[in-house]
Structure formats: structure tokens, C-alpha cells
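Trainee: Each chain is listed here by its residues.
2 protein chains.
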Amino acid sequence: MAPTKYAIGLDFGTNSVRALIVDVGTGQEVATSVHHYQHGEQGIVTDPTNPHIARQHPRDYHEGLEDSVTAALQQAQSVPEFAAERVIGIGVDTTGSTPLPVDQDGVPLAFHEHFQDNINALAWLWKDHSSMAEAEQITRLAAQHRPQYLKKCGETYSSEWFFSKIWHCLNVAPEVFAAAYSWVECCDYIPAVLVGDTRPENIKRSVCAAGHKAMYCEEWGGLPDDEFLTLLDPKLGELRGRLYEKAYASDITAGQLSKQWAEKLGLPAGIPVAVGAFDAHYGAVGSGVAPGILVKIIGTSTCDITVAPKTGDSLYIPGVCGIVDGSVLPGYYGIEAGQSAVGDIFNWFVTHICEGDGNLHDELTAEAGALKPGQSGLLALDWNNGNRTILVDARLSGLLLGQTLQTTRAQIYRALIEATAFGALTIQNRLEEYGVPIDRIIACGGIADKNPLLMQIYADVTGRPIHISRSAQTCALGAAIFGAVVAGHEVGGYETTEQAQAAMTGLKDKVYEPKADNQAVYRQLYKLYSRLHDSFGVEGHSDSLYDVMKKLLDIKQQTSS
Amino acid sequence: MAPTKYAIGLDFGTNSVRALIVDVGTGQEVATSVHHYQHGEQGIVTDPTNPHIARQHPRDYHEGLEDSVTAALQQAQSVPEFAAERVIGIGVDTTGSTPLPVDQDGVPLAFHEHFQDNINALAWLWKDHSSMAEAEQITRLAAQHRPQYLKKCGETYSSEWFFSKIWHCLNVAPEVFAAAYSWVECCDYIPAVLVGDTRPENIKRSVCAAGHKAMYCEEWGGLPDDEFLTLLDPKLGELRGRLYEKAYASDITAGQLSKQWAEKLGLPAGIPVAVGAFDAHYGAVGSGVAPGILVKIIGTSTCDITVAPKTGDSLYIPGVCGIVDGSVLPGYYGIEAGQSAVGDIFNWFVTHICEGDGNLHDELTAEAGALKPGQSGLLALDWNNGNRTILVDARLSGLLLGQTLQTTRAQIYRALIEATAFGALTIQNRLEEYGVPIDRIIACGGIADKNPLLMQIYADVTGRPIHISRSAQTCALGAAIFGAVVAGHEVGGYETTEQAQAAMTGLKDKVYEPKADNQAVYRQLYKLYSRLHDSFGVEGHSDSLYDVMKKLLDIKQQTSS
Chain A
1 MAPTKYAIGL DFGTNSVRAL IVDVGTGQEV ATSVHHYQHG EQGIVTDPTN PHIARQHPRD
61 YHEGLEDSVT AALQQAQSVP EFAAERVIGI GVDTTGSTPL PVDQDGVPLA FHEHFQDNIN
121 ALAWLWKDHS SMAEAEQITR LAAQHRPQYL KKCGETYSSE WFFSKIWHCL NVAPEVFAAA
181 YSWVECCDYI PAVLVGDTRP ENIKRSVCAA GHKAMYCEEW GGLPDDEFLT LLDPKLGELR
241 GRLYEKAYAS DITAGQLSKQ WAEKLGLPAG IPVAVGAFDA HYGAVGSGVA PGILVKIIGT
301 STCDITVAPK TGDSLYIPGV CGIVDGSVLP GYYGIEAGQS AVGDIFNWFV THICEGDGNL
361 HDELTAEAGA LKPGQSGLLA LDWNNGNRTI LVDARLSGLL LGQTLQTTRA QIYRALIEAT
421 AFGALTIQNR LEEYGVPIDR IIACGGIADK NPLLMQIYAD VTGRPIHISR SAQTCALGAA
481 IFGAVVAGHE VGGYETTEQA QAAMTGLKDK VYEPKADNQA VYRQLYKLYS RLHDSFGVEG
541 HSDSLYDVMK KLLDIKQQTS S
Chain B
562 MAPTKYAIGL DFGTNSVRAL IVDVGTGQEV ATSVHHYQHG EQGIVTDPTN PHIARQHPRD
622 YHEGLEDSVT AALQQAQSVP EFAAERVIGI GVDTTGSTPL PVDQDGVPLA FHEHFQDNIN
682 ALAWLWKDHS SMAEAEQITR LAAQHRPQYL KKCGETYSSE WFFSKIWHCL NVAPEVFAAA
742 YSWVECCDYI PAVLVGDTRP ENIKRSVCAA GHKAMYCEEW GGLPDDEFLT LLDPKLGELR
802 GRLYEKAYAS DITAGQLSKQ WAEKLGLPAG IPVAVGAFDA HYGAVGSGVA PGILVKIIGT
862 STCDITVAPK TGDSLYIPGV CGIVDGSVLP GYYGIEAGQS AVGDIFNWFV THICEGDGNL
922 HDELTAEAGA LKPGQSGLLA LDWNNGNRTI LVDARLSGLL LGQTLQTTRA QIYRALIEAT
982 AFGALTIQNR LEEYGVPIDR IIACGGIADK NPLLMQIYAD VTGRPIHISR SAQTCALGAA
1042 IFGAVVAGHE VGGYETTEQA QAAMTGLKDK VYEPKADNQA VYRQLYKLYS RLHDSFGVEG
1102 HSDSLYDVMK KLLDIKQQTS S
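Residue numbers (this note's numbering), protein chains in the order written: chain A, 1 to 561; chain B, 562 to 1122.
Read the hints as simulated data drawn from the structure, not as lab findings.
Ideal placement from N, C-alpha and C gives every residue a C-beta, glycine not left out.
Among the hints, erroneous ones may be present.
Examples of chain A residues lying across from chain B (beta carbon under 7 Å, computed) [as the list claims (entries may be wrong)]:
| no. | residue |
| --- | --- |
| 1 | W220 |
| 2 | T351 |
| 3 | I353 |
| 4 | V392 |
| 5 | R395 |
List time: in silico EDC-like cross-link candidates among lysine to aspartate or glutamate, alpha-carbon distance up to 20 Å [to be verified]:
| no. | chain 1 | residue 1 | chain 2 | residue 2 |
| --- | --- | --- | --- | --- |
| 6 | B | K1111 | A | D543 |
| 7 | A | K450 | A | D509 |
| 8 | A | K551 | A | D517 |
| 9 | A | K264 | A | E355 |
| 10 | A | K550 | B | E697 |
| 11 | A | K450 | A | E363 |
| 12 | A | K527 | B | E1100 |
| 13 | A | K510 | A | E432 |
| 14 | B | K1112 | A | D534 |
| 15 | A | K550 | B | E928 |
| 16 | A | K450 | A | D344 |
| 17 | B | K1111 | A | E363 |
| 18 | A | K151 | A | E432 |
| 19 | A | K151 | A | E238 |
| 20 | A | K551 | B | E1100 |
| 21 | A | K527 | B | E602 |
| 22 | B | K1111 | A | E155 |
| 23 | B | K566 | B | E642 |
| 24 | B | K1088 | A | D543 |
| 25 | A | K235 | A | D225 |
| 26 | B | K1069 | B | E590 |
| 27 | A | K5 | A | E495 |
| 28 | B | K688 | B | E602 |
| 29 | B | K933 | B | E1100 |
| 30 | A | K551 | B | E602 |
| 31 | A | K550 | B | E590 |
| 32 | A | K550 | B | E642 |
| 33 | A | K550 | B | E1100 |
| 34 | B | K1071 | B | D1010 |
| 35 | B | K1112 | A | E432 |
| 36 | B | K1111 | A | D534 |
| 37 | B | K1088 | A | E432 |
| 38 | B | K1112 | A | E136 |
| 39 | B | K1011 | B | D1095 |
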């Protein structure tokens, strides 16, 4: 029997980084360690004068990298067959779009003494919304001059994305912009650090970051062209040549682990490091995403990821945030969609309205679980944080309908869960309508594990069986999978991502199967949801809503008997 | 100086009866006493097998009458100039429609030994909803055969009303129906008891009860005709002859206080007792209702009452529950409208959703008062208990729109208050549209006294100054006013109701004047409210609601700066 081999997955999150050591043959997670970032508040550097600002210090990345990996290796020593020499590859995922301004050597400007107190020289964290004006400008100009650029990103370029942030930096901190030779996504920076060459022209950039956040597409020759960027600002046009020409899927090797970092971490020098990508995309890989399977990463918000085979035609699905060749599985279109608030809506209701805590979530879930679909006569829209996919409209808000003088907290709590399920179904329907079948769902994330009621409602509403990913660390597992893929078959890794997934991912035994009775009621409720969705969300759509409250009462009567 | 004269007002409510002794010259309330009913739960006899049933025992009326009047008289002894001989008249108001089955002598069947345990022989309290099927049938048949009958009662005959209840009794308790020689409204029964003659053919029936609840109108010769009632059931057709031909306003004397009751109460025999009416209508009189003045009795629900001069044309206002000649002030159309839930909506939110108590009302009111109109971005419909006036649709329900992840309890609380104010304005607009001007508002009821925030919001939303009735017992005061009117000028009373009102009613000093800034914002919000109102409430009305959430955000932005 060949000796067990291991891969390391590194997952750089919003507040911390996790290192995961995985048995390449079985996917068993033999050790894991989390390093919490030291700068700012839980790793987020904010500005009291501007609530939209959210930055990270790249020092945290370096410290977290070293600390999490060495601690995980330490932990793994207790596994008899483990040895650091048996680690054959490394994968890295990070949040994004989280770009850093760097100098000609790829050193973050934040490390320059001159910029050490300049918040704009830090990494611009995904949730930084200070670049809203620039995002609107980009959307407007692209719609006018390069409509194709918007086709892959839901018709709206976001303030969270690469060029919005860089342009905003140029507008508010021209000295930082001027000093930046290039800008590098965090998921490109970490692998470059590991391989010991951060020079921008040598970094193998992630197609996941490039395609989903920087309007990169081979159809139009990579990044947006000079002329367009010059339209935004001539200085952005000049920058283009110092960004990148080509981006890669994660089955490509970013380089080999440098001697220096091998020593620092206690790993064999020369093992391959995969091209990085974003956490959600790796989470889908670590959950077992494949054509026909939608992975839902359900947390405060929800990210939906699936893949579709590449056909001759370019795939366009209106309202879907991102469709990028190779961003999830190499050789497939990676499709990203999502809901701007899911767990956040339940948290809002419990903390802001009921003024309760985690226990109240449990209480309300238990009470809501005793209700039958339709019985409360309530219907809600899940737009408390806008609508990210299909309508792509941050200016939408929540709606609750059907309240009487007897309506209870638990009924509202259930209606809010149902609303997010209807929102999820709306996305799934849109994907299927454009030829991307969704046969089953794999859920991961905290809520998927902890809330069987929500899972059953999602199965009943969507009419699809819902599985739960075996791993609780699907992002880091996805990173380890790519570590095993770039290592290759000969050293005990894999030739393809699919083979690695087959060996290293798994599902829990529990499957949530749709219940026919509930489905029948939810089909009626979803029709009403869709009418509210279109009435309030689609320009020019008008409908007589006179019967909505009545139909809810009919359904209530029918389900209460 | 002529000696001070007094009138007694008796207000028979849902849980108790109040006697009020009033100085006829000044309206000063010199003594008052409340008797709580003994039967059932707080005076309401219910049936555990049917939550729609709500009855009262007429024994409570008799005991309450004696107890409350004697206690009030006792209390008045401390007023030096008071003497029972100086009481010159009595007025009575009650809840309604609250009909009692009686025998040929007018004795309630509930007093018959044979029926002592029969819940259907009791008084059928206004809030008894067991007769829904009959109400629907009456509405359907009237629409088909006598559309005019529905014109004065908002196009819908209610399960709370006279004929629905009697017909339901026939259907579920034919033995009670058969034993009932006639049916008498509570507000007709009490004056008849006082004058010592309850024989149905001798009772002077209230036009308020007849017109608002029994489809009585002189235009078509009084009560619904034989043929129509026979259509419902031949036995109802037969009953018609044992009901009444004519009904009267309250400036008419029902009769003179009988010797027996004079002795029992300690009052002079022979003083006049006015024809009775419903509590809300007398409340309006006791608040100073007049043409151009809308009296709002604001409590768990709200009753709106005004009067309009009689013109040649019959007055018809679609969606307004009742328009009855003389039901409020003799010689004017009495107009009744209302909102099915006002205080009940705030109570629902505080008790069911926030799980708080009275203190939380105060806290939320204080927090809500610190917000500016429009600032929360929220908009609600006030239909948690259906819509009584304009839409006349019990099958409507609540709606809340504009929630974000930051929305607070206090913001929702304020939005609910505003929703009831928009509902109030909708009624006022409808009245004005049909030629009934509303120049100012007089509010009474618990909320009017206790919640200055709500009062100010109502002034700002409706654009009308709001006064508060001086008396806290406007219903009983209204009854006393009619006691003074039937007593007449010669014995120290009044010739007209207006004269009595002028002397006996008053306003508090505090006036809520509309604030121009707030009005400007509420005008914008009301436009959005109206669109939701019509979209969800008016059959066939369709509208693009796409901009509603956006406009709320615009208003939010504009009012937050």
C-alpha cells in the first residue's frame, strides 16, 4: 500500500485564516488550525469617519499563513502516518474582491514605511463599499460603450469589485495610486508569497477573481481594453499594462513552494502551489459541485454556485452575478449567484425586533417547525438587504404581508425562512430556464448544519433533495483538493479535479427529501411570491394584487383544517 | 339664579355600565359610577365550542342599571347644590347591534326558566360573529333583489348586525326563535325598562340602531319589506309585523320614568327618558359633533362619526358603513365610518411580536417620537383586522414594507401609527369627495388622551387640527345631553341638541396643529400608501409598484439629511 499523502488547504477569511491538512486519498481532515487577524477589529481596519471603509493589513496574511500552517502541522504530528514530507501540494482561497496595491516587486505598499499609516495602502476588503460612485460610473459607461462587459456580471458592476476600488483609490488617495506599480487580488498574492516571487508580471492570476470581479473574459481578450479604462480615467488606462494579460483556473500551478517559506513552515520545498480563487468557489468544489448540482453556502448571506459544460455558445443568464470559464471547475463555466441576506434576516428579526439572542433562534425554530406550510397566512419578500441575483437591485427592501392581530413571532420567523427559500427557488428557476439544470442541492455553511427546519423548507419549496456537505470546512477542503490536483497523479495526487473531488469530498447521511404535501402548498405560495417579486422588483410590471391577501386566506383555511 | 338641574347619562358597554350625573347648565360631571357585569367573563358569555359566540345576560343590565344609578346618586350627595329631585331627564346608550329575544310582554326569554340555560336566549352582543353565513346570504340576496338596502351600509351586511343574528338563531336554535315574540335592541330595551313598558309594540325604537344595523330607511318605508325577509326565510317574513314600523331620533321621549323604577333608583317619577342609541354615536354628540367636525373615538378600533345637513338628494358615500337620518343629531344625516383595528395593531405588535407590556408602549412611543417622518423608509397598511370603511373587506390583512437589516422596533411602531393615520385620511378624503366637509377633528377615547405622538401624527397626516374632547366619558355625556333635551327648556333643559351641546360639551386646551414640514413628507408617503391601498384592496386595480421601495428610499434619504 502506497503511503498516505496529504494536501494543505488555506482559507483566508474575513476575520481569520484556517489551515487544513487533508488525507488526499480519503478527504479525511487530519488537522486544522485557525489564526485570528490582529489588526483592526477582528482583522478589519475601519475608519470612524466613513462606515463604508473595510480594509485588512497584509501583515495579518503573512503572520496568519505561518502561524496557521505551523500549528496545523504540529497538531498533525499526533496522526501516526503523518509526516510533513508527505504533504504534496497546497491550495489557497481568500475573500474577494480584496485587491492590494503593490510595488514593482509585488511588496504591498502597506509594508512601505512611507505608507504605514495610510489606510488606502492596505488591502481593500471585499465588503468595503466606499467605491459606490465609481461602481455606478463603471456600470453607466460600460452599458454605453461595452455592454458585453456587463453581460457576465448581472448588468451591474459592484462597489465591492476590483476596478471600483482601484479607481476610488485614485480619486481619494492619488499618492497611493501613483506609488502602486500594480494591484493584486489577495487570492493571487498569497500563492505568490508562497512560491517566493511576488513580481506582478510573474504572478499567475486567478480566473475566478479576474472573471467575476474584473470583467476579464477571453471572448474580448482578457481585461477591459485600454480605451474603456481610459474612459474611466487615463491613469487606469495606463495601469492596464501593469495588471495581467491572462488568468488561470486552479488546476494550474502558480509555482513551487520556495525554500524560504518551506523552512518557515516546515514543509518540503518545491511542492506545487495551485492558482488561488475565492472562498465560495472553493467551498463549492469541496462540497462536490458538478453539472446538475447546485452548492448553496448558507450563512448570513447565501452564495449559490454551480457549473455548466462549455458549449459553442457563450452562456448568458440575465440577472446572474457571474459566469466565468474555469472559475469553479476547470473546463466548465463557473456560475455564481446569491442572496444578499439569509441568516442576516433571521438575525435581524431576532435581535432587532424580538430583542432576543441565540436561544430565541432555537425557540422560534421549534415553534415554527410545529406550523404547517400556509397555515400562518403570511408571505414575505427576502429583500431586507436588497436583491443580489435576478433583480440585482440593492435598493429593494423587505416586505411582510398577511399579518392579523393573532400573528405570532414564530409565524413571522417561518415566513422569513420561507421567503429566503422562495428567493432561492427563483434563482434555480432562472438557471434552468437558461439551460443549466439543477437536479439536486448540496448545502454547506453553519445554517445548513444547524437548522433542519430550514433545510426541509428549502427541499419542500424547491422540490429538490438537499444534501449536506460532509466537511464543515468546505472552502479549505476545496483548496486542499486543488493542492492535490496540481501535485498530480504521480506523487499521489490527481489528474483531474473531478477525480480529486470523488475521493476527497462526501455527503452526510441525512438527505432532505421534498414532501409532496408541503410542496403542493408551497407551489401555491410561490405563485403569490412571484407576483410580489415581479410587482415590486421588475420595472414596468403591473399586476392586480387584489387577490393576493385573499388567496393567502384561502390557503390558510385549506391548510388549517 | 335658577337652581342647577341635572341629567343622567347611562352608558351600557361591553363589560360594564356607567352612570354619569351631569350639570345641565355647564356639562360638569358631578358624579359617576361603574357597575361591572357579573355573568360570563367580564360580562361576556362565551361558548368553548364556538369562539365566534359572545352573549350578555339581560340580568346584568337590570342589576347594572340599579347599582350604577344609585351609587352615582349616593356619590352626588357630596355636591351641596345636588338633589335627586333636580334630575330632569335620562339618556341611555348601549353597544350594538345587541338584540335580545323577548316575549309578548317584552320580557327577555333569558328570564324564562325554560330558557335559563340556553345561550341563544341571551342578548347577542355586538361582537358575536357566529352569524357569518347568514350575513353573506343577506348581502348576496340584497345585492340581487334590493340593492338599495346595501347602499347605506357599505355594500355589505355584517355578521354583527340585527337580521344576521336573528336568522342565525332561527337556524341554530329554532325553539328560541319560535318562543321570541319579537327582538329588541339593547338600546331600545333599557329605556323601555325605565319607562315601565317593554311591550314590543310600545317601545320607541332607535333610528340609530334601526338605520345602521337593520337596513331601516324611510326612503323604502322602514325595515326591509316582507317579501325580502321571506326570501331569507318565511319565518323572518312573519316576524316583520312583530318588529316595528317606525324608528326615532334621540330628541324624542321614549316615555317617563316609571314609579317602580323611580323608587328603585331614588329619582323623581315621570322624568323623561330619551330614545336610546349606540355608544359611539352618543360619544360623538358628547364630543361636540357638528357639520364640518369629525369625531374620532380612538381605541382598540376607531369609530369616525360626523353629520351632514339633509339636502334634497339622498346621501350615498360608497364604502361608508352607515348613513342614517337622525342617528347622531336629529335633523342631520348621521355618518358612521371606522377602522377595524387601531390600538389593537399597536397592542398586537407590542404583545405578540415584542412580547412586551404597557411600559414597552411608552418606550416605543418615546423612541418613535424622536424619529422624523419618512426617516425609517417603512410603510404599512393598517389592515391587520381587515378594512371596515371604504373597502369594507374583512379578508384584507396587514402589510409592512421597506424593512432593512437595520430596521428597529420603534421604527415599525411608528410606521404602524402612520398606517392608521393614512387609513384615517383615506376615510376623510372619501367623505369630502362626496360633499361632506371635514374642517377639524375632535378625538376622544383612551389613546387620544394618552398618546400625543399619535395625535400629532394624525394632525400632520390629515392636515387638520385635532382637538381633544374635554370629557373622558363622552358616551355617557352624550346620553345625559339627550336627557336634557327631552326634559325641555321649561324645566331647565334644552330645546335643541345643538343648544345642549353648546352648553354641556367642551374641548381641552391642547390643540394638535399640522406641522408644515411633516405634512410635506406625509403627502409623499400617503401617495405611496394609496397605491398599496388600491393595489391590494381594489378589485381590478393594477399598478406598477416597482418604484414604491425606491421612492421610500428617496424620502428616507431626503429626510435623514
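Trainee: Run every hint past the structure and note whether it holds.
Mentor: Structure-based check of all given hints:
no.: 1; hint: W220; in the structure: violated, 32 Å
no.: 2; hint: T351; in the structure: violated, 10 Å
no.: 3; hint: I353; in the structure: holds, 6 Å
no.: 4; hint: V392; in the structure: violated, 14 Å
no.: 5; hint: R395; in the structure: holds, 5 Å
no.: 6; hint: B:K1111 x A:D543; in the structure: holds, 18 Å
no.: 7; hint: A:K450 x A:D509; in the structure: holds, 15 Å
no.: 8; hint: A:K551 x A:D517; in the structure: holds, 18 Å
no.: 9; hint: A:K264 x A:E355; in the structure: violated, 48 Å
no.: 10; hint: A:K550 x B:E697; in the structure: holds, 16 Å
no.: 11; hint: A:K450 x A:E363; in the structure: holds, 13 Å
no.: 12; hint: A:K527 x B:E1100; in the structure: holds, 19 Å
no.: 13; hint: A:K510 x A:E432; in the structure: violated, 26 Å
no.: 14; hint: B:K1112 x A:D534; in the structure: holds, 17 Å
no.: 15; hint: A:K550 x B:E928; in the structure: violated, 35 Å
no.: 16; hint: A:K450 x A:D344; in the structure: holds, 15 Å
no.: 17; hint: B:K1111 x A:E363; in the structure: violated, 35 Å
no.: 18; hint: A:K151 x A:E432; in the structure: holds, 18 Å
no.: 19; hint: A:K151 x A:E238; in the structure: violated, 25 Å
no.: 20; hint: A:K551 x B:E1100; in the structure: holds, 13 Å
no.: 21; hint: A:K527 x B:E602; in the structure: violated, 44 Å
no.: 22; hint: B:K1111 x A:E155; in the structure: holds, 19 Å
no.: 23; hint: B:K566 x B:E642; in the structure: holds, 9 Å
no.: 24; hint: B:K1088 x A:D543; in the structure: holds, 18 Å
no.: 25; hint: A:K235 x A:D225; in the structure: holds, 13 Å
no.: 26; hint: B:K1069 x B:E590; in the structure: holds, 15 Å
no.: 27; hint: A:K5 x A:E495; in the structure: holds, 15 Å
no.: 28; hint: B:K688 x B:E602; in the structure: holds, 14 Å
no.: 29; hint: B:K933 x B:E1100; in the structure: violated, 34 Å
no.: 30; hint: A:K551 x B:E602; in the structure: violated, 35 Å
no.: 31; hint: A:K550 x B:E590; in the structure: violated, 48 Å
no.: 32; hint: A:K550 x B:E642; in the structure: violated, 61 Å
no.: 33; hint: A:K550 x B:E1100; in the structure: holds, 11 Å
no.: 34; hint: B:K1071 x B:D1010; in the structure: holds, 10 Å
no.: 35; hint: B:K1112 x A:E432; in the structure: violated, 33 Å
no.: 36; hint: B:K1111 x A:D534; in the structure: holds, 14 Å
no.: 37; hint: B:K1088 x A:E432; in the structure: violated, 39 Å
no.: 38; hint: B:K1112 x A:E136; in the structure: holds, 19 Å
no.: 39; hint: B:K1011 x B:D1095; in the structure: violated, 32 Å
Going through the hint list in order, the structure does not satisfy hints 1, 2, 4, 9, 13, 15, 17, 19, 21, 29, 30, 31, 32, 35, 37, 39.
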